[in-house]
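Chemist: Could you build all of it, start to finish, from the sequences and the hints given here?
One letter stands for each residue in the lines below.
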Amino acid sequence: MRHVISLLIENEAGALSRVSGLFSARGYNIESLTVAPTEDASMSRMTIVTSGSDDIIEQITKQLNKLVEVVKVVDISEAAHIERELMLIKLRATGKDREEVKRTADIFRARIIDVTETSYVVELTGNQAKLDAFIGAIDNDLILETVRSGICGIGRGDRILKL
Amino acid sequence: MVLTGAEIVIRCLQEEKVEYVFGYPGGAVLFIYDALFQQEQVRHVLVRHEQAAVHAADGYARSTQKVGVALVTSGPGATNAVTGIATAFCDSIPLVIISGQVPTAAIGQDAFQEVDTVGITRPCVKHNFLVKDVRDIAPTIKKAFYLARTGRPGPVLVDIPKDVSMQRCEFEYPREISMRSYNPVVRGHQGQIRKAVQLLLEAKRPMIYTGGGVILSEAAEPLTHLARLLGFPITNTLMGLGGFPASDRQFLGMPGMHGTFEANMAMHYSDVLLAVGARFDDRVIGNPAHFAEEPRKIIHVDIDPSSISKRVKVDVPIVGDVREVLQEMIRQIESGAARPNPDNLAAWWKQIEEWRSRNCLAYKNSDEIIKPQFVVQKLWEVTGGEAIVTSDVGQHQMWAAQYYRFDKPRRWLNSGGLGTMGVGMPYAMGAKLANPDMQVACITGEASIQMNIQELSTCKQFRLPIKICNLNNRYLGMVRQWQELFHGGRYSESYMDSLPDFAKLAEAYGHVGIRVDRPADVEPALREAFTRHKDELVFLDFQVDPTENVYPMVQGGKGLTEMILSAEDL
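Line by line, the protein sequences are chains A and B.
Per the numbering used here, the first sequence starts with residue 1, numbered consecutively.
Per the numbering used here, the second sequence starts with residue 1, numbered consecutively.
Some clues are possibly wrong.
Claimed, not checked - With a Cα cut of at most 25 angstroms, we get these calculated DMTMM-like pairs of lysine to aspartate or glutamate: (1) B/K310 - A/E12; (2) B/K195 - A/E31; (3) A/K66 - B/D282; (4) B/K132 - A/E31; (5) A/K72 - B/D282; (6) B/K132 - A/D40; (7) A/K66 - B/E353.
If you're looking for bench data, these hints aren't it; they were derived computationally from the structure.
Modeler: In structure tokens form, the structure reads like this:
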């Protein structure tokens with residue numbers, strides 16, 4: 001099963017490699033991993049998308065908790081939560097494709113954030129499925145470059161991950 | 001007081017009441033060695049290889065409650081230390097390893113003797129640090145000792161670049177340490193303990209299974225108390241030997257691959273299993289699927305939550321310090337009226353005695369050729385069971401665990417988790433320094449001892465009168481045993497050709513060497529080693545039966561009940 005694990009970690013050099021090293025050393029799967037500082041500059045928040053049986057997910061959270069720099073771990077996919085991913089996609093935009101790309105972007109509520117005579121850069125946020133759908137809707141030959149952030153997630157309502 | 005980084009390192013060790021540092025100097029740690037030279041409180045033991053420095057610090061820690069300390073230089077010094085660090089990590093031994101690093105400006109430049117020590121050791125330390133600012137040295141070392149000894153203990157490495165060790169700053173050793181991200185749970189959950197006690201009191205076929213956690217948390221006393229209070233059978237793993245007196249009737253011997261028949265059967269057929277500071281290692285329970293066949297309730301006490309339900313499903317998890325939890329169990333049982341049902345227990349013991357009557361550790365002794373088991377038995381007799389015994393890894397290790405009865409904790413020092421050949425002599429060095437009034441014996445084999453034999457030199461320099469009992473069978477014995485049983489007798493590279501004359505080798509280092517060829521000479525030789533040569537290192541080279549195998553045995557991947565009890569079983 002797919003799980004989204006969020007954790008707060010001391011913002012120290014080497015902390016990320018401890019986390020990624022744990023996954024590789026123990027043979028756990030990482031689908032995506034995003035990390036950035038929080039409003040408290042001493043702490044970073046990571047969102048790890050992984051998959052495995054309940055036993056494996058239990059071990060993953062326990063092993064993460066065991067890392068000295070890890071302050072808190074929650075599996076936000078255990079309850080209602082929101083997931084978002086950012087994609088920047090550079091598309092060939094010439095001739096009639098120019099209008100077509102613009103229309104598709106509008107339908108997906110994407111924004112064109114860079115324009116040249118021959119290309120657009122489109123910014124799109126949403127869950128993974130929405131980003132995948134956008135790629136599916138665009139003629140594959142038009143795609144020049146894609147970059148995606150990996151998922152960041154947050155619990156709904158009262159569920160707060162904070163120290 | 002303004003001090004250099006190097007002086008601060010030494011002051012920190014003084015503050016931590018460190019007696020011995022095991023190490024080897026080199027370019028990146030020269031300032032630290034200079035600071036070491038200018039004081040007398042912290043003594044340095046110069047080993048001949050960094051691996052032995054860490055093992056010796058580890059042996060020191062295992063035989064005491066203290067944190068062992070090793071000091072190595074950058075690059076090859078640090079990489080040589082890795083095996084020692086991994087060994088301590090697998091067995092949760094508290095160590096602080098200080099490594100030198102190339103100057104900060106040279107880090108990442110592929111400098112001479114540069115290696116990413118923090119990166120290399122990351123998977124095999126409890127935690128590690130690279131100190132980039134002299135002002136961080138004292139707080140980092142404080143944290144290192146705190147992390148090493150609290151919670152589930154383990155090795156912590158502090159990497160210090162050379163320039164940082166020569167910079168100066170005001171020295172103040174922090175009194176308190178607080179890390180918001182590190183708060184090990186010490187007290188077990190009361191409700192869970194109550195549940196566990198109830199299960200234990202209602203059990204029909206109870207079994208207590210304990211491991212190294214009992215030794216680490218100084219819990220032998222409450223464990224013994226609890227086991228006697230309940231009257232349950234008990235087993236100690238290889239790492240837990242000495243946690244409960246081996247000569248006690250309730251003790252069933254060691255479980256697992258080379259455990260006793262009675263211990264394994266009782267583990268398998270128990271209806272309530274109390275696991276204490278033990279982690280259901282593959283060498284203990286064999287195939288977990290087979291182990292799960294019997295419906296039994298498992299209570300698991302461990303300070304490390306990730307050890308619980310890792311290999312087997314647990315019914316009552318109790319996270320906490322083993323000692324605290326056992327004491328609370330005792331308190332609850334003693335304050336209540338309920339006791340285990342004596343009829344149930346009697347029936348269970350009857351079954352256990354039946355298993356025990358198989359006498360699975362019996363072996364055929366000989367007048368012609370020395371049996372390795374016989375040597376261990378004699379060592380036990382000659383030392384009155386009171387020695388600190390270290391061992392390497394292989395057949396001799398299992399015979400030591402099976403035939404030397406450990407009645408007290410911290411008497412058996414051994415690489416259980418990583419299975420590192422070459423630990424025996426360095427462990428004995430650390431143990432002898434920590435316990436100068438105790439007899440220290442190293443049971444080893446001709447293959448293992450050669451992995452760190454250069455330490456005979458260190459033993460000479462520091463006058464360490466340890467007794468090395470080499471069970472010399474001219475084979476990598478355990479490898480040969482497996483090749484014999486599972487590889488059609490094709491002894492691929494398990495034969496030790498061109499062995500040295502160990503007695504002469506010991507003499508070359510200035511020690512006493514005794515070669516023993518006949519069974520009748522075993523006991524006299526041991527007595528001589530412990531009496532006439534009391535104050536000298538004695539290398540006893542026992543020429544033992546090269547065909548002897550370790551039994552009983554559970555083959556890897558099999559279940560605990562599928563035991564080979566002797567060669568006749570094959």
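Chemist: Hints first: check each against the structure and report whether it holds.
Modeler: Here's how the hints hold up against the structure:
1. Distance hint between B/K310 and A/E12 is unfulfilled; the C-alpha atoms sit about 29 angstroms from each other, more than 25 angstroms.
2. As the CA atoms of B/K195 and A/E31 are separated by approximately 39 angstroms, the hinted pair breaks the 25 angstroms bound.
3. With a CA separation close to 22 angstroms, the supplied pair A/K66 and B/D282 stays within the 25 angstroms bound.
4. At roughly 34 angstroms between alpha-carbon atoms, B/K132 and A/E31 are farther apart than 25 angstroms, so this suggested pair is violated.
5. For the hint pairing A/K72 with B/D282, the CA-to-CA distance comes to about 31 angstroms; that exceeds 25 angstroms, so the pair is violated.
6. For the proposed pair B/K132 and A/D40, the alpha carbon gap of about 23 angstroms is at most 25 angstroms, so the pair holds.
7. A distance of roughly 42 angstroms separates the Cα atoms of A/K66 and B/E353; the hinted pair therefore is violated under the 25 angstroms criterion.
Checked against the numbered hints above, the structure violates hints 1, 2, 4, 5, 7; every other hint is satisfied.
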